[in-house]
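Participant: Per the working numbering: the sequence shown = residues 385 to 713.
Derived from the structure by calculation, the hints contain no laboratory data.
Note that CB positions come from ideal geometry on N, CA and C, so glycine has one too.
Mixed in with the good hints there might be a few duds.
[To be verified] DMTMM-like mimics (lysine to aspartate or glutamate), calculated; alpha carbons at most 25 Å apart, straight line:
id, residue 1, residue 2
1, Lys-409, Asp-509
2, Lys-409, Asp-444
3, Lys-409, Glu-457
4, Lys-409, Glu-525
5, Lys-409, Asp-441
6, Lys-409, Asp-464
7, Lys-409, Glu-515
8, Lys-409, Glu-439
9, Lys-409, Asp-522
10, Lys-409, Glu-461
11, Lys-409, Asp-512
[What the hints assert, rightly or not] Distance ranges between label pairs, derived from CB positions:
id, residue 1, residue 2, range
12, Thr-629, Pro-600, 30 to 40 Å
13, Gln-486, His-560, 33 to 43 Å
14, Ser-627, Leu-561, 28 to 38 Å
15, Ser-656, Glu-525, 43 to 53 Å
16, Glu-525, Ala-432, 38 to 48 Å
17, Leu-579, Asn-535, 24 to 34 Å
18, Arg-659, Asp-681, 25 to 35 Å
19, Gly-673, Gln-486, 20 to 30 Å
20, Ala-432, His-585, 47 to 57 Å
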Amino acid sequence: MPAASLSSLHALGDAFPASAATERKRMLVIVNPYATTVSDRLRNLVVAALQGRYEVDAVDTEARDHATALCREAAAEGYDVVVAFGGDGTVNEAANGLRGSQTPLTCLPGGSTNVYARMLGIPNDIVDATEHLLRLADHWEPTAVSMAVVNDRRFLFSSGLGLDAAVVARVDSHPHLKARFGPYYFAWCGIAEFLGRYVRHPPQLEAVEDGGAPVPGVTILVQKGEPYTYFRDIPVHAGEGASLTDHTLAGIVLRTARPSVMPGVIWRMLSSRARLTRHRQVDGFSGIGELVVRSVDGRPVPLHVDGDYIGDVTEAVYTVDEAPLHVVA
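Construct the complete structure from the given sequences, taking the supplied hints into account.
Facilitator: What follows is the structure, given as structure tokens:
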């Protein structure tokens, strides 16, 4: 991060002094020290700035699911808010620990993409995002949202089976390249996966929406929010009608991944006007409460949630979590 930005962070706390009429809220900042853009110096500057308006405690995560355990403790101890400072994986873990409680979640961007923070309207620049959280102290309006569930694993905004998840799995297997090259490494892995396995032998899937007729496909994308993800600053669109606050799911079924089809699919996903659901090889769905995806030939296929690969499955059952999650942004 440029020195000028770090200097701006250093001055933020003094720029937002607490007023006598405003009660200082207790804030727990959960930091993933291994996130793409997080450093010890940045962590300390962010915490110092936030202390201008909040009573701040900060703790680093040490292992997978540590953020979930920390958030459960924070809710039990009565913290007014938890800040997940890391990538979308850290935010996902924090949300799993806070769901069903009255303690709201918010985010600071520390990953390579920070999809959920952007969905909540939090700036993707760390200085602007910290300033945003400082201003929230005077406009405190927590909102109830819902998470989605796949095979008992909860997620915040997106999940996929097939090509999309295979790319995530390949990227996650090389974290140093992911951190160094970001979205360009995703793009390279996408091309390699497509030309490797998906051209020769794509998976055979079927999706059943709310107990209806099976819809065949090779890749399924499921959304709880919009957009599906980002390529740098460009939103990537897939399904339509997904909302963080609605108790429903949306997404698409891609029927085929032939080389003649994929350029048009990718163009529509990156376009601000064209709609992927109008592609001749795409079936869109929205407003549903359950989606069951099965491997027709019994071959396990990759599954991801919120950009994290979680394994290969032969069946995925999607629903919406009954317990609310409170967020403040």
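Participant: Each of the hints needs a verdict: does it hold here or not?
Facilitator: So, going through the hints one by one against the coordinates:
Under the criterion of a C-alpha separation no larger than 25 Å, the hint pairing Lys-409 with Asp-509 is consistent with the structure, at around 24 Å. Restraint check: the Cα-Cα separation between Lys-409 and Asp-444 comes to about 20 Å, which is no more than 25 Å; the hinted pair holds. Our distance criterion of 25 Å between C-alpha atoms is met by Lys-409 and Glu-457, whose separation comes to about 17 Å. Taking the CA atoms of Lys-409 and Glu-525, the gap is near 13 Å; set against the 25 Å cutoff, the hint holds.
Simply put, Lys-409 and Asp-441 have alpha-carbon atoms about 11 Å apart, close enough for the 25 Å limit, and the pair holds. Between the alpha carbons of Lys-409 and Asp-464 the distance comes to roughly 6 Å, so the proposed pair stays at or under 25 Å and holds. Between Lys-409 and Glu-515, the direct Cα distance comes to roughly 16 Å. Compliance with the 25 Å bound is thereby established for this hinted pair. Annotation: proposed proximity of Lys-409 to Glu-439 holds, straight-line Cα distance about 6 Å (limit 25 Å).
Distance hint between Lys-409 and Asp-522 is fulfilled; the C-alpha atoms sit about 11 Å from each other, no more than 25 Å. With a C-alpha separation of about 13 Å, the suggested pairing of Lys-409 with Glu-461 holds against the 25 Å cut-off. The hinted pair formed by Lys-409 and Asp-512 meets the criterion: a straight-line CA distance of about 20 Å does not exceed 25 Å. At about 32 Å, the CB distance of Thr-629 to Pro-600 agrees with the hint of 30 to 40 Å.
Checked against the hint of 33 to 43 Å, the C-beta distance between Gln-486 and His-560 comes to roughly 39 Å, which is consistent with it. The supplied range of 28 to 38 Å is met by Ser-627 and Leu-561, whose beta-carbon atoms lie about 34 Å from each other. The hint said 43 to 53 Å for the Cβ distance between Ser-656 and Glu-525, and at roughly 29 Å that hint is violated. Distance hint check for Glu-525 and Ala-432: the Cβ-Cβ separation is about 26 Å, which falls outside the suggested range of 38 to 48 Å.
Separated by about 29 Å at the C-beta atoms, Leu-579 and Asn-535 satisfy the suggested range of 24 to 34 Å. Distance hint for Arg-659 and Asp-681: a CB-CB separation of about 31 Å, consistent with the stated range 25 to 35 Å. Between Gly-673 and Gln-486 the C-beta distance comes to about 25 Å, which sits within the given range of 20 to 30 Å. Evaluation of the 47 to 57 Å hint for Ala-432 and His-585 yields a pass: the beta carbon distance comes to about 54 Å.
Of the numbered hints stated above, those contradicted by the structure are hints 15 and 16, listed in ascending order.
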